[in-house]
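J.: Hey, can you work out the whole structure from these sequences and the hints?
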Amino acid sequence: MLGFIARRLVIAIPTIVLISIFVFALQKLLPGDPVLAMAGEERDPAVLELLREKYRLNDPIPHQYLAWIGGVLQGDLGFSLRTQQPVLDLVAEKLPVTIQLAVMAMIIAVLIGIPAGILSAVRKGSWIDWLANLFALSGLSVPNFWLGIMLILLVSVKLGWLPASGYRPLSEDPLLSLQTMIMPAFVLGTALAATLMRHTRSAMLGVLRADYIRTARAKGLRGRTVILKHALRNALVPIVTISALLFGELLAGAVLTEQIFTIPGFGKMIVDAVFNRDYAVVQGVVLCTAVAFIGMNLLADVAYRWLNPRMRDQG
Amino acid sequence: MTDATLAAPAAPRSPSRAWAKLRANPVALLGAALVLFFVAVAALAPVLPVPDPTATDWGAVRKAPSAAHLFGTDEIGRDVLSRMIWGAQASLLAGVVSVGIAVAIGVPLGIAAGYWGGWTDAAISRVTEALLAVPFLILAIALAAFLGPSLTNAMIAIGLSAMPIFIRLARGQTMSVMTEDYVEGARAIGLGHGAIIGRYVLPNIFPPILVQATLTIATAIIAEASLSFLGLGQQPPSPSWGSMLNVAKNFLEQAPWMALWPGIAIFLVVLGFNLLGDGLRDALDPREL
Amino acid sequence: MTDLKRISLALALAASASFAHAADLRIGLQEDPDVLDPDQSRTFVGRIVYESLCDKLVDITPDLEIIPQLATGWSWSDDGKTLTMQLREGVTFHDGTPFDAEAVKANIARSQTMDESRRKSEVKSITGVEVTGPHEVKISLANPDATLLAQFSDRAGMMVSPTAAAAAGADFGLNPVCSGPYKFVERVQQDRIVLEKFAGHWNAGEYAFDRVIFLPIPDTTVRLANLRAGDLDMLERLAATDLASAKADASLKVEQIVGLGYQGITINVANGDRSKNPLGQDARIRQALSLSIDRAALNQVVFEGAFAPGNQPFPPSSPWYDTRFPVPDRDVAKAKALLAEAGHDRLAIEVQVANNPVQMQVMQVIQSMAAEAGFDITLAAKEFATLLNEQTAGNYQASQIGWSGRTDPDGNIHQFQTCQGGINDSKYCNPEVDRLLNEARTSNDPAVRKESYDGARAILANDMPIIYLYHQSWIWALSNKIDGFVPYPDGMIRLAGVSMK
Chain A
1 MLGFIARRLV
11 IAIPTIVLIS
21 IFVFALQKLL
31 PGDPVLAMAG
41 EERDPAVLEL
51 LREKYRLNDP
61 IPHQYLAWIG
71 GVLQGDLGFS
81 LRTQQPVLDL
91 VAEKLPVTIQ
101 LAVMAMIIAV
111 LIGIPAGILS
121 AVRKGSWIDW
131 LANLFALSGL
141 SVPNFWLGIM
151 LILLVSVKLG
161 WLPASGYRPL
171 SEDPLLSLQT
181 MIMPAFVLGT
191 ALAATLMRHT
201 RSAMLGVLRA
211 DYIRTARAKG
221 LRGRTVILKH
231 ALRNALVPIV
241 TISALLFGEL
251 LAGAVLTEQI
261 FTIPGFGKMI
271 VDAVFNRDYA
281 VVQGVVLCTA
291 VAFIGMNLLA
301 DVAYRWLNPR
311 MRDQG
Chain B
1 MTDATLAAPA
11 APRSPSRAWA
21 KLRANPVALL
31 GAALVLFFVA
41 VAALAPVLPV
51 PDPTATDWGA
61 VRKAPSAAHL
71 FGTDEIGRDV
81 LSRMIWGAQA
91 SLLAGVVSVG
101 IAVAIGVPLG
111 IAAGYWGGWT
121 DAAISRVTEA
131 LLAVPFLILA
141 IALAAFLGPS
151 LTNAMIAIGL
161 SAMPIFIRLA
171 RGQTMSVMTE
181 DYVEGARAIG
191 LGHGAIIGRY
201 VLPNIFPPIL
211 VQATLTIATA
221 IIAEASLSFL
231 GLGQQPPSPS
241 WGSMLNVAKN
251 FLEQAPWMAL
261 WPGIAIFLVV
271 LGFNLLGDGL
281 RDALDPREL
Chain C
1 MTDLKRISLA
11 LALAASASFA
21 HAADLRIGLQ
31 EDPDVLDPDQ
41 SRTFVGRIVY
51 ESLCDKLVDI
61 TPDLEIIPQL
71 ATGWSWSDDG
81 KTLTMQLREG
91 VTFHDGTPFD
101 AEAVKANIAR
111 SQTMDESRRK
121 SEVKSITGVE
131 VTGPHEVKIS
141 LANPDATLLA
151 QFSDRAGMMV
161 SPTAAAAAGA
171 DFGLNPVCSG
181 PYKFVERVQQ
191 DRIVLEKFAG
201 HWNAGEYAFD
211 RVIFLPIPDT
221 TVRLANLRAG
231 DLDMLERLAA
241 TDLASAKADA
251 SLKVEQIVGL
261 GYQGITINVA
271 NGDRSKNPLG
281 QDARIRQALS
291 LSIDRAALNQ
301 VVFEGAFAPG
311 NQPFPPSSPW
321 YDTRFPVPDR
331 DVAKAKALLA
341 EAGHDRLAIE
351 VQVANNPVQM
361 QVMQVIQSMA
371 AEAGFDITLA
381 AKEFATLLNE
391 QTAGNYQASQ
401 IGWSGRTDPD
411 GNIHQFQTCQ
421 GGINDSKYCN
431 PEVDRLLNEA
441 RTSNDPAVRK
451 ESYDGARAIL
461 ANDMPIIYLY
471 HQSWIWALSN
481 KIDGFVPYPD
491 GMIRLAGVSM
501 K
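Protein chains in written order, with the numbering used here: chain A, 1 to 315; chain B, 1 to 289; chain C, 1 to 501.
If you're looking for bench data, these hints aren't it; they were derived computationally from the structure.
Predicted model, so just to flag it, every value in this text is computed and none were measured.
Among the clues, some could well be false.
Reference listing, derived: stretches of chain C covered by chain B, where coverage requires no fewer than 3 residues with Cβ under 8 Å from a Cβ of chain B [as the list claims (entries may be wrong)]:
id	stretch
1	229-239
2	358-364
3	372-383
Cβ atoms here follow ideal geometry from the backbone N, Cα and C, with glycine treated the same way.
T.: Right, here's the structure in full:
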C-alpha cells in the first residue's frame, strides 16, 4: 500500500510541473496588460512602466516562470496585483469558504443521491426507477446558474425566506452562515446528487447480480437485510471513489454558483482575477486547486484499494 | 462532467440489436425527439415565419408575452421567440462543434497513447492528467478570455477543455482492444499499424466514444451558456441562449420571461442529449445493467 | 413543546439577533475596491470607502463649491503660484499621530515621490511645501493651477498617518491609517470591508453609526434583493431599470443626481494606422454619426430616462456646459447628407465595446439607429482589460468608453483632448485647443476659464474626436429607516448627519 502511494506521488510530480507551466503560459498569452488593466482611469505611462519593472513583467518569460516557481517552492505564491495581499493569504482566506460550500453540497448530494440510487436499483425497471432516472438526468441538465437565479428570484425576492447572497464565516454566526450557504449548496448538490445516484444505481445493480447475494437470498435472508448489509457494503467502493472525485471537482468547480450568490470562495476569486488580469492570483489559485484535485484523486484510489480487499494485495 | 469511462470495454452488440434495443426504450426516444425538435427548429430558423431576431422596436421594450410577441420582447424591443429560434443554432453549433474538436484531437491522441504505450503513452497521459486537474469551466474561461469573446472562440475553448476525457476514453479502450487475441493474431501475421487501428481498434472504440460524445454535447451546451453568461460567448446582436440569460439577469423582476425561456430551452435540449446518450449506452453496452 | 418547535423557535430568535445590529450601516457596493491606499488607489468604488476612512484637506458641496475639511482656510498669492492653508487643530490620525503641517508636507511628498503613486499627475504643479507654522503650510507651484483645490478634495488631498505610511511603505493599503470618521478594522477580499467609529474624530458627533460595513455585490439584481431582504441598509448604483420597482417599494427610498462623468464614443483620429479610414479622417462623418443618434430615445430605452443625454464633457446642468451647442436632435436626413457630402452612400465601421450587458445594450441601440442613416456598425465586444489595451495601442476604429468624472472641469477634458494628454487615445491634436485648455487650467477666475472652455468647445464640436452620448446619474437605494443622506454629483457616500431610525 505504501509503495503504491509513493509511486502515485512520484507520478504526480511531472503532472504538477506541467500544470504550473501550463497555467503560467496561459496567463502570459492573455491579451490585456495587467498593469494597464488595473490602472483603470489612472493611466500615467511613467507610473505604469515603473510598475511593470517592479513586478518584473518586462523580464523574459522563462525568467518570470523560474522566479515564480522558485517562490512557490519556498511557500511564496506572490502578491495580488490588485490589492497587494499575498496570494497565500488569499488562498487561506477562501479555503474555509470553499470547503464549507463543498461539504454542504456534498451532504445534500449524498442524502439525495445514494438512497435514490439504491431504490432505483432495487426496483429496477419499475416506475420508481424510471422517475429517479429522469429526475437525475434533469438535475444534470439544468444550468446551475439559471437555477441559482431562479432560486434567488423565488426564495429571496418573492418569498423573502433566505438572504439572496453574501457570506458569514461559520465561526462568526453559524446560523446565518448556514442560511446564506444553503441555496448555493442546494444548487450544487442537486447536480451532484444526479451523478451520485447514477453511479450508486449501477454499482448496486452490479452487486445485486453477484453470486453471493443470490446465495444470501437463497438462504432466506430478508430483502432489506440483504440490501443494506451485503449489497450496499460492496457497492460502497465505487460510490466512495466517485464521491472523492466529485468533492475534488467541487473545490474549484463552483465558479458560476459562487459568482451568482457572491460567495467569496475560490471560484469567484479565479474569475475575478482572470478578468482583472491579476496574474499571481490566477496562477496561485489554479495551482492550489489542481494540487487539491490530484490529492483527492489519489485519495480516491487509495480508498478504492483499501475498501476492495481483492485489490489490496496487488502492488 | 458525465463520465462513461467507468464502463469496461467489451465486444459491442451488433448494430441491429442495439438499434432494436434503443427503439424499445421510451426514455431514449423522448431524448431523441427533443434533440430532433431543436435541430429542426435551428435548421428551419431562416424559413420560419418569425420577425428578424435583430429588429429593434423602441415602442415595445420588455413587453410581456402577447399575441404579437408570443414569448414577449427583450431589452431593446426584439422578439424573444425569434431570438430563441435563432439562438438554437448557436447553442447546438456550440455543442456539436466543440465536441467535434474534442473528438478530432482527443481520439487520435488517445489511440496513439494506447497503441504505442511507453513514452508516447507517458507523455500524453501526463498532459491529459494536467489538463484534467484544471477544472473544466475555469480552463474554458481562461481560454475564452485569451482568445477573445466570440462564439467561435468559445467553441474552441470548450473543445480543448473537453478533450482530455476523450483522450482518456480512447486510450483505455485501445489498450483493452490490444490485449484481445484477434489483435495479437493480426500483429503476428504482420498487419500494419494503420490496418490494425482501422480494422480492429476504431470499430471497437466507436460505441463508447459515441455515447461519451452525446453526453459531452450536453455538457458543452451548458458550458457555452455559462461562457455567454459571463460575456465570453456569442456576442450581440446575434442571439444565443446563454447571452440572452446574461442580459436577462438584469431584468428578473421587470421581465422574468427573458430569463425563463432560454433557461427552459437549455434544460430541454441538454436533457434530450442526456436521455439519448443514456439510451445509447444502454443499447450499446452488452452488460445489460 | 416538541423538539421541532423548540428548534425552530431557537432558529428564529437567532436569526433576528443576527440581523439586528442597529448601530451598523451595511452598504452594498457594485465592485470590490482595489488597494486601500489613497495614493495607489485607482477605482471609483475605492473612493466611496475612503470618504468614511480618510479626511481630505478640503471637501465639496453638492454644488461643487470647495469647503473646509482638514484645512480650515486658504488663500492664493496674487500671482496664483502660492497657496497658503490653515489647518484644523486638535486632529489626530487613527493611530494617535497628531495631524499638523509636517503631516501635510509628508503626504504631498508621498503622493509625488512614492514609486507606486497614482497621484503624481494630480500634484505635478507643486514645487515645494513649506511649514510656516504648526498648523499652516505654504504650497508653491510652478504655475498657477486652478485644479489644485479640486484635487485636494479627492484622493490627492487625503491625509494618511505619516507614522503608519513610513512603517508600511507600499503595503500601507493592507492596513490603512487615516484621520477620517471611521477607522479600518478588516477586509476580506470580494466579501467585505469593515470600518468602526473613530471616537477621536474632530467631528465625531455627526457620525451616528458604530460600524460601517461595505459589501461588494456586483450583480445589481442581487444587490437590490439584499436591500429588500434587509441584509443591506443602502446600496450605490441602483440600475436605472430597477428605479421604478424600488420607488414602488414602501420600505425603500431612492436618491439620485446627475453625475460628473460621461459616456461616449472615442474615435481613433490619429492613433496609428487604424485611424486611416473615413471615420477617423473626415469630421463630417463623425458629425453624421452623432446626428444619427436619438440621445433622448437612447436614454429612455436603456435607462428609463433616468440619465441625462449629453453632447459635451460636462452635463447640461453643469455651469461649464456651453449652451451654444445644445444636445442635438436626431436628424437622419442631415446625417445622410453629410455622409453623401463625404462621398459615401453607406459606411461600415467597427466600434469596440466592453462586454457588459448595459454597454452592449447602448451600442445595439446606436447600431440600430445609425443603420437608418447609412452606418453599418459592427460591434467588437471585448473584455474591459483588452479594450483598454487596444485603445491605448491604437488598435481600434472607435471605442465606446466613459469617464467617471472629476470635480474640476479640467479633469473631464484636458487629458483627453490635448496633444500630450495622458489618456488621449484618439490622439487628437490641435494647438489652438491645447492653448485654450492650458489657459483654462492656469486661471483662477471662473469667467476666464469658462471663456476658454467655450472656445475649445467651438472647435471640438466640429472636429468631434469624442462623440458624447449621455451622463450617468448616480442612484442610491436606501432603507426608509435611513435619514439625512445627501446625494453628491461625485457619487460618493458622505455619512455626516446620516442616521437610522
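J.: Could you run down the list of hints and mark each one as holding or not?
T.: Right, here's what the structure says about each hint:
| no. | hint | in the structure |
| --- | --- | --- |
| 1 | 229-239 | violated (count 1) |
| 2 | 358-364 | holds (count 4) |
| 3 | 372-383 | holds (count 4) |
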